[in-house]
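J.: Start counting the sequence shown at 1; every next residue gets the next number (our numbering).
These are computed hints drawn from the structure, not numbers from a lab. Treat each hint with caution, since some may be false.
Unchecked claim - Label pairs and their in silico Cβ distance ranges:
id	residue 1	residue 2	range
1	A78	G137	14 to 22 Å
2	M309	A93	37 to 45 Å
3	V112	D46	27 to 35 Å
4	E221	I52	49 to 57 Å
What the hints assert, rightly or not - Okay, derived cross-link-like pairs now, DSS-like style, lysine-lysine, Cα gap no bigger than 27 Å in a straight line:
id	residue 1	residue 2
5	K75	K134
6	K160	K75
7	K240	K101
8	K379	K75
9	K160	K101
10	K101	K379
All values derive from a computational prediction rather than experimental measurement. Just so you know, even glycine gets a beta-carbon here, dropped at the ideal spot from N, CA and C.
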Amino acid sequence: MSSVIQKSTLRQRLWRHVDGFDGPLAFAVFMLACAGLLIMYSSGFDHGTRFIDHSRNMLLAAVIMFVVAQIPPQKLMAWAVPIYTMGVILLVAVAVFGITKKGARRWVNLGVVIQPSEILKIALPLMLAAWFQKREGHLRPLDFVIALLIMAVPVGLIMKQPDLGTALLVLAASLAVIFFAGLRWRWIVPPVLLALVGMAVLVVMEPTLCAPDVDWRVLHEYQRQRVCTLLDPARDPLGKGFHIIQGMIAIGSGGFWGKGFMQGTQTHLEFIPERTTDFIFAAYGEEFGFAGGLFLIFWYFFLVYRGLMIAVDAPTLFSRLLAGSMTMIFFTYAFVNMGMVSGILPVVGVPLPFISYGGTAMVTLGLALGILMSIARSKQLVQT
1 MSSVIQKSTL RQRLWRHVDG FDGPLAFAVF MLACAGLLIM YSSGFDHGTR FIDHSRNMLL
61 AAVIMFVVAQ IPPQKLMAWA VPIYTMGVIL LVAVAVFGIT KKGARRWVNL GVVIQPSEIL
121 KIALPLMLAA WFQKREGHLR PLDFVIALLI MAVPVGLIMK QPDLGTALLV LAASLAVIFF
181 AGLRWRWIVP PVLLALVGMA VLVVMEPTLC APDVDWRVLH EYQRQRVCTL LDPARDPLGK
241 GFHIIQGMIA IGSGGFWGKG FMQGTQTHLE FIPERTTDFI FAAYGEEFGF AGGLFLIFWY
301 FFLVYRGLMI AVDAPTLFSR LLAGSMTMIF FTYAFVNMGM VSGILPVVGV PLPFISYGGT
361 AMVTLGLALG ILMSIARSKQ LVQT
């Protein structure tokens with residue numbers, strides 16, 4: 001008797017690692033990455049090695065996505081408590097002996113300087129999804145209260161640093177988990193109405209509330225200045241309002257079709273601050289116009305749509321909640337960045353996904369994409 005053992009080819013072995021990846025999601029990211037490389041070359045060609053570094057960061061994010069996609073969601077759930085605990089401990093370490101730069105204490109030196117708040121963008125939604133998974137089928141109001149406490153600790157520590165931009169991102173992803181877990185509308189509507197009333201009062205009372213001698217107490221002075229600058233950028237056009245004014249001028253001057261690739265005058269005459277990072281959308285809008293902006297918005301919406309579809313089709317509650325929160329990370333990044341550059345939201349230092357320069361943000365995006373791909377693959381494995 002003889003038997004024939006068929007060895008799998010290299011192609012078959014490689015295919016096993018990418019089988020089950022969500023193709024439409026990957027294509028949306030590819031289109032955004034191409035747009036990012038294009039505008040990064042234009043806005044950063046005379047900015048040292050910014051374009052090369054951005055390309056390297058994208059490659060790193062792709063590798064991270066590929067590696068994380070190989071990890072089953074069940075294993076991710078097992079790591080939820082350790083990663084969350086480590087993240088909170090590091091945030092406490094930042095508060096006690098962290099490194100201060102430009103008035104903010106956000107980093108800690110552990111041999112390597114790290115920013116622990118970035119860990120919580122993934123760790124907190126992971127922890128909350130695991131929390132609700134363990135209580136599936138018998139959720140009580142107390143479980144939502146405990147979830148809010150789990151969320152409040154790291155968000156409070158991040159805001160204390162202060163880092164309002166990162167706190168908003170962590171808060172949005174965490175609230176998405178709590179909402180998708182079944183939070184009742186009667187608990188959602190009152191705080192939303194209160195926030196709307198607060199914004200209306202702020203707009204009406206702007207001359208009084210933004211007077212130099214007024215202390216808001218709940219916000220740091222620089223945060224108060226950002227809100228007041230949003231309401232009236234012209235109060236300090238060459239200072240705190242300069243970013244918003246120049247961003248709106250650049251976007252408006254692009255018209256419908258834009259001035260053309262590498263033809264942005266506001267960009268290349270260096271009127272746009274942070275033109276390769278937080279305000280890169282202004283440079284993009286100037287060169288590619290309204291049509292280019294619609295292109296980006298379409299692919300961001302498509303990315304969010306595919307992420308939500310992955311969440312809907314996920315086989316477990318943990319996977320559904322985690323996929324929904326990871327999708328909200330992309331939505332919040334894009335919405336807040338475009339909003340602040342366009343002058344409809346305060347400037348909070350949030351990058352535009354796959355467009356802005358930034359290694360830390362790109363790592364976070366790679367992790368979020370890897371988790372979405374892992375959940376998409378888990379659905380196929382269940383079906384087979």
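J.: Please name the hints from earlier in the document that this structure breaks, with their numbers sorted from lowest to highest.
T.: When the structure is compared with the hints, numbers 4, 6, 10 turn out to be violated.
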